[in-house]
Amino acid sequence: MLQFDRVSLDESTDALRAEVREFLGENQMHFPHPNSDFVTGHDPEFSRKLGEKGWIGMTWPTEYGGAERTFFERYVVTEEIVAAGAPVSAHWIADRQSGPLLLRYGTEEQRKTYLPLITRGEAFFSIGMSEPDTGSDLASVRTTATREGDAYRVNGTKIWTTDAHRNHYIICLVRTEPPGDNRHAGMSQIIIDLKNDDVQVRPIANMAGGEDFNEVVFEDVLVPADRIVGEPGNGWEQVTSELSYERSGPERFLSAFRVFVELVRACGENPAPHQAAAIGQIAAHLMTMRRMSISVAGMLEQSKDVAVEAALVKELGNNFEKVLPEIARLAVPSGPEAAAFRSTFEETLLLSPSFTLRGGTREILRGVIARGLGLR
Amino acid sequence: MDTRQLILDTANKIFTDHCDKKLLDAAETGEFASELWGQVTENGFDQLGSAGSGTELADMFAFVQQCGHHAVPLPLAETLLVNFWCGPQEGLSSFGELSGDRIDDVAWGRQAQRVVGIGVEGSTLTVVETPEVIGRGTNMAGEARDQVSVGSDATTVEATEDPYAMAALTRVNLLAGGLHRVLDLGLLFATERVQFGRTISKFQAIQHSLAIVAAEVAAAQRAADAAVDAIGTDRFVYEVAAGKARVGEAVGVVAEQVHQIHGAMGFTHEHSLHHYTRRVWAWRDEWGNEFYWQALLGNHLASLGADNSWDFIATRG
Ligand SMILES: Cc1cc2nc3c(=O)[nH]c(=O)nc-3n(C[C@H](O)[C@H](O)[C@H](O)COP(=O)(O)OP(=O)(O)OC[C@H]3O[C@@H](n4cnc5c(N)ncnc54)[C@H](O)[C@@H]3O)c2cc1C
Numbered sequence: 001m002l003q004f005d006r007v008s009l010d011e012s013t014d015a016l017r018a019e020v021r022e023f024l025g026e027n028q029m030h031f032p033h034p035n036s037d038f039v040t041g042h043d044p045e046f047s048r049k050l051g052e053k054g055w056i057g058m059t060w061p062t063e064y065g066g067a068e069r070t071f072f073e074r075y076v077v078t079e080e081i082v083a084a085g086a087p088v089s090a091h092w093i094a095d096r097q098s099g100p101l102l103l104r105y106g107t108e109e110q111r112k113t114y115l116p117l118i119t120r121g122e123a124f125f126s127i128g129m130s131e132p133d134t135g136s137d138l139a140s141v142r143t144t145a146t147r148e149g150d151a152y153r154v155n156g157t158k159i160w161t162t163d164a165h166r167n168h169y170i171i172c173l174v175r176t177e178p179p180g181d182n183r184h185a186g187m188s189q190i191i192i193d194l195k196n197d198d199v200q201v202r203p204i205a206n207m208a209g210g211e212d213f214n215e216v217v218f219e220d221v222l223v224p225a226d227r228i229v230g231e232p233g234n235g236w237e238q239v240t241s242e243l244s245y246e247r248s249g250p251e252r253f254l255s256a257f258r259v260f261v262e263l264v265r266a267c268g269e270n271p272a273p274h275q276a277a278a279i280g281q282i283a284a285h286l287m288t289m290r291r292m293s294i295s296v297a298g299m300l301e302q303s304k305d306v307a308v309e310a311a312l313v314k315e316l317g318n319n320f321e322k323v324l325p326e327i328a329r330l331a332v333p334s335g336p337e338a339a340a341f342r343s344t345f346e347e348t349l350l351l352s353p354s355f356t357l358r359g360g361t362r363e364i365l366r367g368v369i370a371r372g373l374g375l376r
Numbered sequence: 377m378d379t380r381q382l383i384l385d386t387a388n389k390i391f392t393d394h395c396d397k398k399l400l401d402a403a404e405t406g407e408f409a410s411e412l413w414g415q416v417t418e419n420g421f422d423q424l425g426s427a428g429s430g431t432e433l434a435d436m437f438a439f440v441q442q443c444g445h446h447a448v449p450l451p452l453a454e455t456l457l458v459n460f461w462c463g464p465q466e467g468l469s470s471f472g473e474l475s476g477d478r479i480d481d482v483a484w485g486r487q488a489q490r491v492v493g494i495g496v497e498g499s500t501l502t503v504v505e506t507p508e509v510i511g512r513g514t515n516m517a518g519e520a521r522d523q524v525s526v527g528s529d530a531t532t533v534e535a536t537e538d539p540y541a542m543a544a545l546t547r548v549n550l551l552a553g554g555l556h557r558v559l560d561l562g563l564l565f566a567t568e569r570v571q572f573g574r575t576i577s578k579f580q581a582i583q584h585s586l587a588i589v590a591a592e593v594a595a596a597q598r599a600a601d602a603a604v605d606a607i608g609t610d611r612f613v614y615e616v617a618a619g620k621a622r623v624g625e626a627v628g629v630v631a632e633q634v635h636q637i638h639g640a641m642g643f644t645h646e647h648s649l650h651h652y653t654r655r656v657w658a659w660r661d662e663w664g665n666e667f668y669w670q671a672l673l674g675n676h677l678a679s680l681g682a683d684n685s686w687d688f689i690a691t692r693g
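Just so you know, the sequences run in chain order A and B. By the numbering used here, the letter at position 268 of the first sequence is numbered 268, and the numbering carries on one by one without gaps. The numbering used here runs 376 ahead of the 1-based position in the second sequence.
Hints in this document: simulated from the structure, not taken from any laboratory. Do not take every clue at face value.
Unchecked claim - Straight-line C-alpha distance at most 25 Å; calculated SDA-like pairs for lysine to any residue: (1) A:K195 - A:T157; (2) A:K322 - B:N665; (3) A:K322 - A:I204; (4) A:K112 - A:T62; (5) B:K578 - A:G367; (6) A:K49 - B:D687; (7) B:K578 - A:R183; (8) A:K53 - A:F23; (9) B:K578 - A:V308.
Excised from the complex, chain B in its bound form (with noise of 0.2 Å):
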């Protein structure tokens, strides 16, 4: 076997047995998961992707993938990206956008022994150690979002690739993991419901509707992919943007028919599909919207011209 899926079935069988619906419930009040981040470390998940470990960005990206798919209430990709830019470090690392002299939205930066702020341009980051947290947030699947304040300790570093779509990149890969779980969940419910004397899942309206959601879901794999595999040529971030704004579309249409699908026991607070729906739902939003992506890849595209848009779309990989 080789490492990379080496990596997934030890992490798919770690997360499958800590991230349940309660350790989910107090992650969404505030609690930290530290027993769960006690076993990343371990088993040094948080370093995947880093010089010296052994692995490269493409198997923590599919890591990633897998932290969507199970919901990690943790600040995994976040964690790893950074200890890539600025070499591993012990302990939890975060990032959030720069806005002046604050860094908003860091993922769990209230526990974040190391805080980088990305700028939409540029490829310098802004690096605070031990942070000071100056608010407290979340976005609306209860992932903790947090202020920090740059003060003149802050030092800077050069990434090699464009980091504000790396950050996009993360969620590219949340999405594709998350909108599988999204689709599993309606396929477990649709063939164990039964109405009119038979599983749900033998009306013709149910098989359609999930049969556009996989198809969804296989595209939103194929995109996550695809923009992994440009990292490190010219493309990269119009890679990116092509995988934002597609994943971000297949979201709308994934979570509402999967939604549709569980009828009022998807709409509890109790079943667990919403944790996978809100997250879906939040990501799309993070590190620029599907709006925000095409507009950077239609720009770049008329700037080709309309007869070097095939040659642009053709490629070999």
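In isolation and in its complexed conformation, chain A is listed as follows (with noise of 0.2 Å):
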């Protein structure tokens, strides 16, 4: 499991990252101040521009809109677009995540009706996982679906909900069975409406100034009971899997990467010793998990799983991408020439505490890694 293999990206690839540079240099004005990170730009325009692209659910069956391609190209297009400070928030979970889960434990009624929305940017999807008394610990979680009829009677409260007060739909972990023996037994996904279901979403002020996640109750709300997601009861292993794919992609070393151009352009041409080392020593980790995220992918496309390697890639990017700001700060002098290097030092800095957090924390991951070095 600590092997990352040698793989290249394929010749063929070359000519896909000149086209999403050629996209993005002609849609700067969707981002004039880029941001790596990629919960902080929510744009359903350029979400959609990008699905017109084919660049939404590339790797998808194209029977749901997908492009069936590989995992590499999906990597090169995510990578690019992140790299460059583009906002992608509004797709990003239904692309990353929902997608793949309705793809893989989805009904095909559930696949049919989304998947195609989803590559076309025009449906954007939440995850309702947290709730006020459940965190790291999903399984607690008390949000209750019970059944009635045709429907399920949804109530409950999610927390920390990215994006809910804009997107269109939000996968919850709901319990349609009490608690019993198996805590992780009883569980179920289900895809509730944000904008038509009778929720109540209230937006939570982040400390970086920012309105992204949400507190999201649910009093009775009637969900049709064919939006549960696969099997009613298989929600555990559902959520566990869905949590895999979405922890060794680039943006998960990558959220301070304009830090990074701003301290070479503050450093300038001839930089001093300190500056030039605090530049290469970024570079040399930023090379180095690049090419690790590049081996998962390489794994996924062998449909191979990935749990560890995932977690792997996530603890050293989410704890990388809290350093790349400290080791930066300590190169740049003050004064008015920094300026544009200083306010994207603090912007990102004020963001940095949710890295080793959303996602599954630090601490969590570290757990997962001990299970596959064999200590738990």
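Need the complex rebuilt from these two chains, each delivered in its own frame; the hints are there to steer you.
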């Protein structure tokens, strides 16, 4: 599991990369202020443009609107977009997580309904896992969905739900049966319509000045029974496999990338030795993590189980996203010439506490790795 | 099975049989491991990567990783590279850093029949046959590092790849193998040592420490392989720079955490952990430390400019 195979991207990806860069160049107006944190920019129009290019759901079957391209091609597109600092938050979860979940576990009807919309950039999804009393211990969720004829009656509260106030759907982890001896049994995932079902969404301001995550309250919300994802009771298996899709991509080590770009700019053509070393130190980390992430894309291409490898990439990546600004700040002198660096740096530093929390905390990931090492 | 795997399996078997604590202790007091050297040459492991050997440099560096994993007390990486540069020859060859009319830090210079001096800059190698040893020393791991004089009969050879970076690449690969061994020892100890009625591997603090180490080791491995893959490309020196910088940074973390896991036992001379940790501490400083290589890489990126930095990072290989 510590072997990240040597994987090179195919020559054919060069043309795709060039095409993405050209597209980004033509769409600069969507990100006058680039930010590589994938949560920070929600721009439905930009997402729709990506959908038109066929860059959402790229690896999915064409019958569901996908482009049947490889995981490597998807990798190239996502890393270019994230590195450029373009706004991706609107479609990101649907593309990375909800779509693959529906593809693997959803009913045929669900696939036909949602996947084509996702690939066109017309259906955006949120993740409804966390609750006020449920963080890392995800199996403790209390939101219930009780069967009543053709519907489920949903009651409970989800929290920290990114973009619930802007997106179309939320896939919630709920209890369809009361907890028993096996605490992982009796859970299901259900698709709830954030625009049409009777859901209350309240944005929560974050410390960086943004309003991206929310509290989502369900009071006797009636949801058609056919919105249960796959089999009722299979929620735990689904949710754990879903989490591993989201752990190894370029967004897991590039969140602070724009700070690096501004560092290089601020240091100029002839950096002092300590400035050059700061640039080189960051570059060495980024080059290595990127290759590890591509190795995982190669494993996904071969349909291998990547849970532990993905956790290793996220462990390295998220920690380094926090270290990057720390290295950079010491290399740039204060003063008006460094204004561009300062603003990018400060914005990223304020976002940085979230890097090792979202998608499973550092501590939880270390547990996943330790299990892979045979320690638990 | 492919050639490389065959080489690695055979080497692993020989090294597992020979490179025990007794041999490492003896080597660190200056005793040359002649029996092991005999086994190595018998199997042609001193010619890997050289013309006519049927193997490539990538096979050679994979073998060097094995040497690091077993702390093989022979200058095999040095012999192999000199054979590659100057043509294979029987007997031990080594290299060190050229400094005026001396070559410093020559691994096992006292045993060498041929020594190459490498400067920080340029691609010209200084070759000294039947060298005269003018000083004996060791690095902090007790590995022989001698001083050799450059006489008037020294000759020169042109290297195709930057020789200083090639020398650093031997350390990158030794380190990747050595760091993996340190992790293995940490895992072994943690699953055997019992305190509070259970193996210490059941404590979350120990699990997290080993998870951190595993991530560093995985990164070191990937960085080392990438630097090897860059041989023959115009990125070679920068990929070695990234590799040496990244792997060197892993050393501090891995050695510190795994010593902590071993408690007092790991601080004894009797336990073998220090044979590996002292080596990784020594190797990270040989042929350019992290700062040296970070600055080299950073200067290159600065010369490309901020808006080209992503293009430099986003390579295909
Ligand atoms: C920006 C942002 C966006 C998010 N978006 C979403 C979203 O869209 N949908 C969603 O469902 N959730 C979302 N989350 C929530 C995220 O998944 C949780 O923050 C995360 O799972 C941790 O839960 P918690 O915050 O309740 O912390 P807790 O679980 O209460 O943990 C607090 C601390 O205790 C540690 N800890 C907990 N258990 C253990 C243990 N067993 N061993 C050791 N240490 C432990 C944690 O590592 C952490 O350091 C988001 C979070 C952030 C910051």
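Exercise for review: Could you check the structure against the hints above and give me the numbers of any it violates, in ascending order?
Suggested key: none
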